[in-house]
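Trainee: Listed below are the residues making up each chain.
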Amino acid sequence: MNGSNPVYPFSAIVGQEDMKDALLANIVFPSIGGVLIRGEKGTAKSTTVRALADLLPERDVIKGCIFRCSPSDTRNLCESCRNRVAGNGQPECEPARMRVVELPLCATEDRVAGTLDIEHAITQGQKKFEPGVLASANGNILYVDEVNLLDDHIVDLLLDAAAMGVNFVEREGISYSHPARFLLVGTMNPEEGDLRPQLLDRFGLVVDVMGERDSARRSEVVKRRLAFERDPVAFCRQYETEQQALRERILAAQEMAACMEADDRLIDTAVKVSLALGVDGHRSDLTLVKTAIAFAALDGVEWVGREHVLKAAGLSLPHRMRRRPFEESRADLGSVKALIAECYGSP
Amino acid sequence: MNPAFPFPAITGHDNAKKAILCALASDEIRTLLITGERGTAKSTLARSIRTLVAGKQVLTVPQNITYDRLLGTVDLETAVSCGKIRLTPGILEQGNCQILYADDINLMDEGIVQNLLSAAENGRFSLEREGFSRSIATRFLLVATMDPDEGELTPGQMDRFDLCVRLDPIDDEEKRGEIVRRHLRFNQAPDEFSRGFSPAAKDLEEKLVSARERLPYVSIPDGHAGLISSLCLELGVAGQRGDLAVARAAKALAALDGRDEVVFDDIKLAALLALDHRRREIPDSPPPPLPPQDNKDPDKENDQEPEPPDPETPPRQDPPQQPETADRPEQTPPAPPPPAEQVFEIGSTFDVIRYLDEKSKKATSRQKSGRRTRVLSVDSSGHYRSFRLPDKNRNDIAVDATLRAAAPYQRIRERNGLAISVKKPDLREKVREKKVAHTILFLVDASGSMGVRRRMVEVKGAILSLLVDAYQKRDRIGLMIFRGTGARLLLPPTRSSDIAARMLRTIPTGGMTPLTTGLSEAHQVLTRGKFAGAGENKSIVILTDGRVNVPVNNGPPYHELSDLARDIAGCGIRFVVVDTESGFPRLNRARALAGDLEAPCLRLEDLKNRGLAASVQDFIYNTR
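Those protein sequence lines, which keep their order, are chains R and X.
Per the numbering used here, the first sequence starts with residue 205, numbered consecutively.
Per the numbering used here, the second sequence starts with residue -3, numbered consecutively.
Incorrect hints may appear among the rest.
What the hints assert, rightly or not - Okay, derived cross-link-like pairs now, SDA-like style, lysine to any residue, Cα gap no bigger than 20 angstroms in a straight line:
hint, chain 1, residue 1, chain 2, residue 2
1, R, K331, X, P85
2, X, K80, R, Q330
3, R, K332, X, P85
4, R, K331, X, D256
Said to hold, decoys possible - Sample of chain X residues at the chain R side, in silico, Cβ under 8 angstroms:
hint, residue
5, I61
6, E73
7, D167
Stated by the list, open to error - What follows is a set of in silico ranges between Cβ atoms, one per label pair, in the way DEER data are often shown:
hint, chain 1, residue 1, chain 2, residue 2, range
8, R, I322, X, G119, 35 to 45 angstroms
9, R, I270, X, G119, 32 to 42 angstroms
10, R, L260, X, P421, 48 to 58 angstroms
11, X, N545, R, P394, 39 to 49 angstroms
Hint data in this document are derived by calculation from the structure and do not stem from the laboratory.
Treat the numbers as computed from the prediction; the structure is a model and nothing was measured.
All C-beta atoms in this analysis are idealised placements derived from N, C-alpha and C, irrespective of residue type, glycine included.
Bound conformation, chain R alone (with noise of 0.2 angstroms):
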């Protein structure tokens, strides 16, 4: 919005709920570590991302700063940002939006990293750092399309930071670290070959999409994307009060899922249905608990109850069970299912 060409509405997505559900566990919960969306092409996977950093309400950020660091946030400042907040206490804020920010295929590793400003250097004869899509990713969503076909090194490179939610950098005569704390969104196509199974590990949560298979709701979705490009405008309009009440859930679910705590049933079956699994490391339980939270608050309720577990599960683990080649990952979640209703009990 802001003037420039509207954005489709999130709330006038049809269908794709674990989608839907995925990003915005990960807003509520931005520890929970990114999703990766494998699917065909067309099933409004990009289009979901965008809508997303749209409905998203502004925030303040330090004007001025390339990194856009949060005033609030001030364990995560660069160092320009600690410099200010150090010698004048209460920096300048301007509103800024979320945005998508895209890692394209065809990236070099200086464009990634960052690296020498060239210009400056030629001019002033100084050495500046010249930041590059990690550092326009800070606070934004990272959207890698096709994130399977990245070449390894520059994977590396973004697995580093995001470990860190630092880049740090130490390249062509340059050293220099700035804050790197993104939402990583990756999708991928299945066929064209696998991801590496620690890549896989660091995305929080993977969503499985496909195109809608029910004619009554393909024809809502051709009707609703003519009528939005007919008069978009008009057509956000029409959705605003729903985009509204939307911001404000996620708003509230933000707030509450912070002063939250895991309750020990919560814990006990995240622990028993990894080990159940067997799956590699401590990532799963991390994950169910977080996903789980994150669902509770966004329904507003304070105690996380059997579906979100539920649900939380259907996202958070299967990409993390060990897989036999060949065989599809699947076929396991009917016994989670069955251990979740063990601790919770039956609907």
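Keeping the supplied structure of chain R fixed, place chain X upon it in accordance with the hints.
Mentor: Just chain X now, with coordinates in the frame of chain R:
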């Protein structure tokens, strides 16, 4: 900077924590490797070191590091403004007296890893670049992490790590729950959480200080020194680094425990930390319960006297030990000590080995994967490794190096208002390196010749097994068959094992043998269109008996085949011919084809034990 998870708050991983404390307590331990599968808190543990060393900095060595930042380079700004060449120190020098932290070291450029390890070990490195020629002293502790599933380090690199610990996922329900709880609490309120653990962190810091003070006075009883060397021999550890590392770690453990003398348990744990990653061969069967009667090494005979003292009793007090001899334990006594001095019995070597075996059981059960092949990239993709004088019009200018080259001349050059004027001789271009994937196309004779069924089973098995491995190597495997009058691309080169399994369910066989057509089409698949991409290693594995009976242009089939083969040989695609001919008489036509293609020729019959996949891998991954 976001706060690190406090060291004392990490649940489990006791040995790894001990290893870290040893490394922090002893200046002699300079390299520590933490390995483990994904999600086992490797990085959390490594980063938590920051919470233990208040006075020291932890410098991160990122994946994107280039040589100039590692080793140091010309300072651009002084060069431009004063025309003076001054050195900007790189991370190796900045790390002097600090800690360097390298995440996923197995994914880093090999040269960078080499430099890091040798600088850590030698306490100095030499800088020979851009007009500098210096040897710079630096002392730091290198802490690195890696996930062996993503590729291993070479044995030589592994040997350079003084200590190595492996983290296993924790299976205990209660502990796992505690991990989740602590992690969530830390996420919600990092400062408050860290404060809760600050008394424990303080204790550890104090413990470290007193251990550092005590360490020079810690001694290893002679008998234990013998135990260390016999352990290293027994485990097939090459070189002396292992012996030294065990001794240093054992001393650090004793110092941390507030003792002046190393005891058996110190050595046991030290061996796990320092020798497990240096073992040459891991025994398939557990070590013999009884020590072997005949000892191979006569020198060790004295040390292994089956004399009484049981390992339970504490080692007897030794005569006052000079700290400087304790430093190099394997050389300690010039003359063999009298038998009465022995403090370990012959079985204790095997006690320790059994202990190591038990601890490393899980690690050996997993299949190991090699490092991926790396080549210098010809386009502008890949990791910027170094720079050189440009030889062609490549337009991939190494701006930093170019500016540095130009900088000293700025005072005498006409600058036209710019800060730096660059002339042609200053130009440097980037040398980039990238990991390459292989594309392997199997070209298989599916005509009605002998043994076609068995051949297909073999090929299918090989493709699937190569694809499972391709998970790590990111290779593409495809299958083309030829039969009847033409060739068919049954499986376009793919990385997905699922697709391969689906598409290879049925393979049609029977008919004539149009080998020439098959070969020419296979060549086209890899040179045109989707799979023609530069920078990939491409191979065609041909399974044939070399017979051909379908002409392409109505010429004599064998002439056509030979012409084509010679034509496409040496075009950048690697060929491997697998001769499927069996029985008698042999025509050896496949061998002739291999000759024309300048390709190695294997016999399918001879591969039975090695398997097709493994043999093909040998040829394709090992550059000839």
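Trainee: Confirm or reject each hint.
Mentor: Hints versus structure:
no. : hint                                  : result
1   : K331/R <-> P85/X                      : holds, 15 angstroms
2   : K80/X <-> Q330/R                      : holds, 15 angstroms
3   : K332/R <-> P85/X                      : holds, 17 angstroms
4   : K331/R <-> D256/X                     : violated, 52 angstroms
5   : I61                                   : holds, 4 angstroms
6   : E73                                   : holds, 6 angstroms
7   : D167                                  : holds, 7 angstroms
8   : I322/R <-> G119/X: 35 to 45 angstroms : holds, 37 angstroms
9   : I270/R <-> G119/X: 32 to 42 angstroms : holds, 40 angstroms
10  : L260/R <-> P421/X: 48 to 58 angstroms : holds, 53 angstroms
11  : N545/X <-> P394/R: 39 to 49 angstroms : holds, 41 angstroms
Hint violations for this structure: number 4 only, all remaining hints satisfied.
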